[in-house]
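*Asks:* Chain by chain, the residues:
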Amino acid sequence: MEQDWVWGLVGGGLIGLGGAVYLLGNGKIMGASGIIGGLVDGSGRSTAIERLVFLAGVVIMPILLMPLYGKGTVSTHLTSNWGVVIAAGLLVGVGTRIANGCTSGHGVCGISRLSLRGIVATVFYILAGGITLVLFRQVLGLI
Amino acid sequence: MRILMSLVAGSLFGAGLFVSGMNDTTKVQGWLDVFGAWDPTLAFVMGGAIIPMFFAWRLTHGRKPLVGGDFPAPTAPVVGHRLVIGSVMFGMGWGLAGLCPGPAIASLSYGGVGGLVFLAAMLAGMGAARFIDVRLDRLAATA
Chain G
90 MEQDWVWGLV GGGLIGLGGA VYLLGNGKIM GASGIIGGLV DGSGRSTAIE RLVFLAGVVI
150 MPILLMPLYG KGTVSTHLTS NWGVVIAAGL LVGVGTRIAN GCTSGHGVCG ISRLSLRGIV
210 ATVFYILAGG ITLVLFRQVL GLI
Chain E
3 MRILMSLVAG SLFGAGLFVS GMNDTTKVQG WLDVFGAWDP TLAFVMGGAI IPMFFAWRLT
63 HGRKPLVGGD FPAPTAPVVG HRLVIGSVMF GMGWGLAGLC PGPAIASLSY GGVGGLVFLA
123 AMLAGMGAAR FIDVRLDRLA ATA
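Respectively, the protein sequence lines represent chains G and E. Counting with the numbering used here, you get residues 90 to 232 for the letters of the first sequence. Counting with the numbering used here, you get residues 3 to 145 for the letters of the second sequence.
Extracted from the complex, chain E is given alone in its bound form (with noise of 0.2 Å):
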């Protein structure tokens, strides 16, 4: 059943990444160039995406997820340095390639080496960011 269930979800999200074009990194670098040809598609897709899981949160009030379990708890409302560190360090990445994890699995299934490349990179940043997270904690204990 879990499988299952990640296999639908996955390919919900696999065919809407395609729909909506936010596998091609003109798309998603032409929203973010607000002084060039901009493009307004990803506010779309977002606002898309949003209103579905709006109501999937609402349902999850005072039931158990199918598979059984616990819904995930909510997080405390706490804003840290890794949040902040962090997305930054995303964004940037974002902006210079047009790629996020999602469209990077994705990419895929286009061919060509440059997404190979990327997600090897990708791969291999996610795997080093524990050792960077130690040094930050390092950090913000002394700043």
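Next comes chain G alone, as it looks inside the complex (with noise of 0.2 Å):
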């Protein structure tokens, strides 16, 4: 648990290198619900092969590297609430597209930019996210 803030910090360093990445090699910032969001309404129809082996990458990683993990089995501990599951990803998916991004697009590649609008979306997200965390769990004791 103690050495959970140095994996964090590698990993971070790791996201933010392909953030690097995607900026320096491709000119584009590396935002995870842009870059989804474009395959679902159509309007990355033109970049979709780089899009989706973007995502590809993504999923693969955590495969190859599981083997590697010597605590056991892993898991994402999602709850098996699936009224909560399909609500939380309703509202991720409207949220992310009407901000314009989510927290490696507007969190990330926005803040290190020093964007205005990467860092008030940041504080509202987070606000948001601990408020309801807070109310559902700690109030209403629903998740």
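In case anyone wonders, no lab produced these hints; they're calculated from the structure. C-beta atoms are modelled at their ideal positions from N, C-alpha and C, and glycine is treated no differently. Since no wrong hints were added, every one of them can be taken at face value.
Which residues of chain E face chain G? A partial, calculated answer using Cβ under 8 Å: (1) 20; (2) 73; (3) 126; (4) 132.
Given two chains presented individually in distinct reference frames, assemble the corresponding complex, making use of the accompanying hints.
*Replies:* Have a look at this one:
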């Protein structure tokens, strides 16, 4: 547990390097919701292959790294309450497209550019996330 | 070249999510749960990712992307209703389930139906976002 922050820092560095490659190589902002959303609404049709390849990398790496992880089974520990899963998925999908970014685009890429929009978005989604979690977990005891 | 860069960036992103523990919803929710067993890892991940991206943005000055074209122009520092409403919606979903778009894709590597259900709901939300966007614009125009 006490080493989690070290792994967090290392993993964060890898995420940032990925963003740096995407930016300096392809000239694009590495935002997960934008990369996925462009495939959903068709706005990214001309770059569909590179978007799919990017997402394939995201899926493949955990599969490759899992056997090296010596702490037994790995899990996302996602709640089994399907109502919550579906409601959360819908909110994340709609919200990130309306706000035009998520944790990677507004958070990592926006804050590092000192973008006002990125900073404001990050403040609002963290506040909304914190209030929602505390309300549903600590007050209502639902999740 | 674009496709290779996308694969490298996606793989770094996927490896970073795995190593940092950000695919684990308990760690994300642990960070938001300020009145419970607070887990600071997410802050280290964000910090770790912002550092290489900060230097990447500095390297863009006076250069072109490797594949040609231009770097993304800075967005106007305008905070509109979309950014705020979208980020709040995203944050609510993020708090409820502990997944944002990147880890939602990566959760496919872990198997299980929950991640698929979340992803399907998220994609549906992304598809529906433009209709909600139109309504928000109408509301903003009348307000």
